[in-house]
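These protein sequence lines are chains A and B, in that order. Residues in the first sequence are numbered consecutively from 1, following my numbering. Residues in the second sequence are numbered consecutively from 1, following my numbering.
Simulated from the structure, these hints should not be mistaken for lab results. Quick reminder that beta carbons are idealized off the backbone N, C-alpha and C, glycines included. It cannot be assumed that every hint is accurate.
[Stated by the list, open to error] So the derived label-pair ranges between C-beta atoms look like this:
(1) B/Leu371 - A/Met342: 27 to 35 Å
(2) A/Gln248 - B/Glu155: 29 to 37 Å
(3) B/Glu241 - A/Glu145: 52 to 60 Å
(4) B/Phe213 - A/Ser48: 23 to 31 Å
(5) A/Leu148 - B/Pro172: 52 to 60 Å
(6) A/Gly16 - B/Pro316: 19 to 27 Å
(7) B/Ile27 - A/Gln248: 24 to 32 Å
(8) A/Met342 - B/Ile27: 31 to 39 Å
(9) B/His53 - A/Asn143: 41 to 49 Å
(10) B/Asn164 - A/Ala270: 20 to 28 Å
(11) B/Glu238 - A/Asn220: 54 to 62 Å
(12) A/Leu278 - B/Phe368: 54 to 62 Å
(13) A/Glu62 - B/Ala146: 18 to 26 Å
If you want the building blocks of each chain, they are given just below.
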Amino acid sequence: MNKNITPPVIEIGVIGWLRKNLFSTWYNTILTLIGLYFIYLIIPPLLSWIFFDATFSGTNREDCTSSGACWVFIKQNIKLIIYGLYPSDELWRVNIAYFLLTVSIIYLLIPNLKYKGFVGIFLLIIFPIICVFLFSGGLGLENVETRLWGGLFLTLVIAGVGIVLSLPIGIMLALGRRSKLPVVSLLSTIFIEIWRGVPLITVLFMASNMFPLFMPEGVNFDKLIRALIGVMFFSAAYLAEVVRGGLQAMPKGQYEASQAAGLTYWKMMALIILPQSLKIVIPAIIGSFIALFKDTTLVLIIGLFDFLGIIQFVGTNPDWLGFSHEGYVFAATIFWVFCFGMSRYSQRLEKKLDTGN
Amino acid sequence: MRPSKFSNFIFNRNVQGTFYQAITLSIVILGVYYIVQNTAENMMARGLASGFHFLGVESQFDIGMTLIEYSPTSTYFDAFIVGLLNTLLVAGIGIFFATIVGFAFGIMRLSSNWLIAKIAETYIEVIRNIPLLLQIFFWYFAVLRALPKPKQSIEFMDSIFLNNRGLFLPDPNFSEGSSVIFYLFWITIVISIFIFIWSKRRQNRTGITFPAFYFSAALIVGVFFASLAATGFPVSFEIPELKGFNFKGGMKLIPELVALTFALSMYTAAFIAEVVRAGIMAVSKGQTEAARSVGLKEGLVLRLIIIPQALRVIVPPLTNQYLNLTKNSSLAAAIAYPDLVLVFAGTALMQTGQAIEIIGMVMGVYLFLSLFTSIIMNLFNRSMRVGER
């Protein structure tokens, strides 16, 4: 008997795969055909609009004669989109920040490199301090008002400040909510639930309308800082719940063992509990960051020109009326790349950090 | 050396705890006092009176879309109600469509058909990673605003019209006799519920099954159409008609409402799809195998074994998504759909300057919805925990 008979051709290879995954039953065949029809309806027109029929070169709208997208619109306004109204002579300051950010992120993404911890700390603590001086001025640099900040730059600033400041506040709130001290726990719970219960827009309205009333006569924060405070608290409340999930997932034995070893509360938290529980919730934390990044677009409602705000704004320029499709598709692509990248990174991290215990 | 009484005292856990709490509390109280003090001074300086008297004052502004009687002579409180109803309307329609689309994509994503699963996955990954506000802008400015004028409307079956003024639907008119149909409809539903209870009890007692679902579906639909025919079709539809430059008659949905509900449902559907997928996957494979091995048909495996267990996982995050949709409906302010935030925290705040009261009321509405939902959810979780091993 020949044991090396090959399986029938319809069960292996491309044909086998197609039969198994696309045409296994009569209704699967129908579904596949419907699916193919949908793809046929959507993909070819989309591709020809974006690439094949699109105009890439030129300087004004007269150059866009084809039926496809007019990317000249983006090209002509790219400086506004990336930097906002930041003064042209000072753009190098923003560029340095972009450069440092890109390099550090690439470093963190390459597997098996040393000193990743230091790069992470640099990114979370030192880099923001550098940015404060770079962007707003001081130390011999010329002062740049925040109303000139805009575009992708402003979006990254808001998201970055939100991420960097909301994490420690969120951790403190989570510890507070889990605390055995009733007053601390009650106050933290109220704080968290209030911010989580209301939409970000109302928080931003509050920041722009109520904060000025809270401050003594003469003290006036500028609009960006007010928005940042709102975004920071809002995001901290969500992070607090994420971190609390991690704290609750810690086995009780960890708490008992560290107490038996004689650690104080703060040592126990800082050395034993938080490192382990934060590790568990890293994917969820990144999930919150993605949500925060998407939510930064809301600041345009209180009159800040973030990435989406500036795209709206250049779309109303009389020279470029009627190109909103290009603007939105471009903005959507950029946002998608950022958010999808972060979510893929968190999935990878999740697999890597899963030590099985 | 024995520790002194004093060090005994200051290293005592309870004493330390009380001390920390006292400090926290006094900081919070001082902070609140500082803010209240400043606010009072600032309001005095601006000549604003605190309190809710402004609610009874004439609003003197009009609102583009109202579900109740409203005019510029109505009060600010009426404006608040109008905004609230508009928010609830968007949330209701959005939740309805998001659930349908979300469940469809969630199930598609688990399909054994590779192409269908990939299409669903692409949809979810694309929609989830683009800001909602951008999607709302896209549907409103780039799609609905760019639609043809009423004369060149997009038509469906000569009764539904879509153009840059909005979506026009046939409006049902109920004449005399239609109330009979209404009552009969409800009566058949009540009867069906009793049939379900009876068939379940009988099955528990004797093991004999009864096709309760098909029977009651036939009953409800049959009686509905029979009563329609018997009363001589008292329901007529008023079809929108092109008069001059715009449509008259019928039901008009303003473009802001259409764009907002569409974007909200598409966006939330992507999240619901993931919730549904996670719920179905949370039911362990052994359950399916065990159900098959006792000889249940595929449909019954799904209906009796998988869906009840999956729902227990799905419902809490699903309500959370509903809540998110309701909160996200506040993005209406960006495209000028007159929801609670735009009408009240926007226009009314600008006119009266009562920032504290108005923002407090708006936040209070959303907070109430959130807390209410979470209380319901806790009750649900408690009742669902029974039967877990």
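Hint-by-hint comparison with the structure:
no.	hint	result
1	B/Leu371 - A/Met342: 27 to 35 Å	31 Å, holds
2	A/Gln248 - B/Glu155: 29 to 37 Å	56 Å, violated
3	B/Glu241 - A/Glu145: 52 to 60 Å	55 Å, holds
4	B/Phe213 - A/Ser48: 23 to 31 Å	48 Å, violated
5	A/Leu148 - B/Pro172: 52 to 60 Å	55 Å, holds
6	A/Gly16 - B/Pro316: 19 to 27 Å	41 Å, violated
7	B/Ile27 - A/Gln248: 24 to 32 Å	27 Å, holds
8	A/Met342 - B/Ile27: 31 to 39 Å	36 Å, holds
9	B/His53 - A/Asn143: 41 to 49 Å	44 Å, holds
10	B/Asn164 - A/Ala270: 20 to 28 Å	60 Å, violated
11	B/Glu238 - A/Asn220: 54 to 62 Å	56 Å, holds
12	A/Leu278 - B/Phe368: 54 to 62 Å	33 Å, violated
13	A/Glu62 - B/Ala146: 18 to 26 Å	21 Å, holds
Comparing the model with each earlier hint shows violations of hints 2, 4, 6, 10, 12; every other hint is respected.
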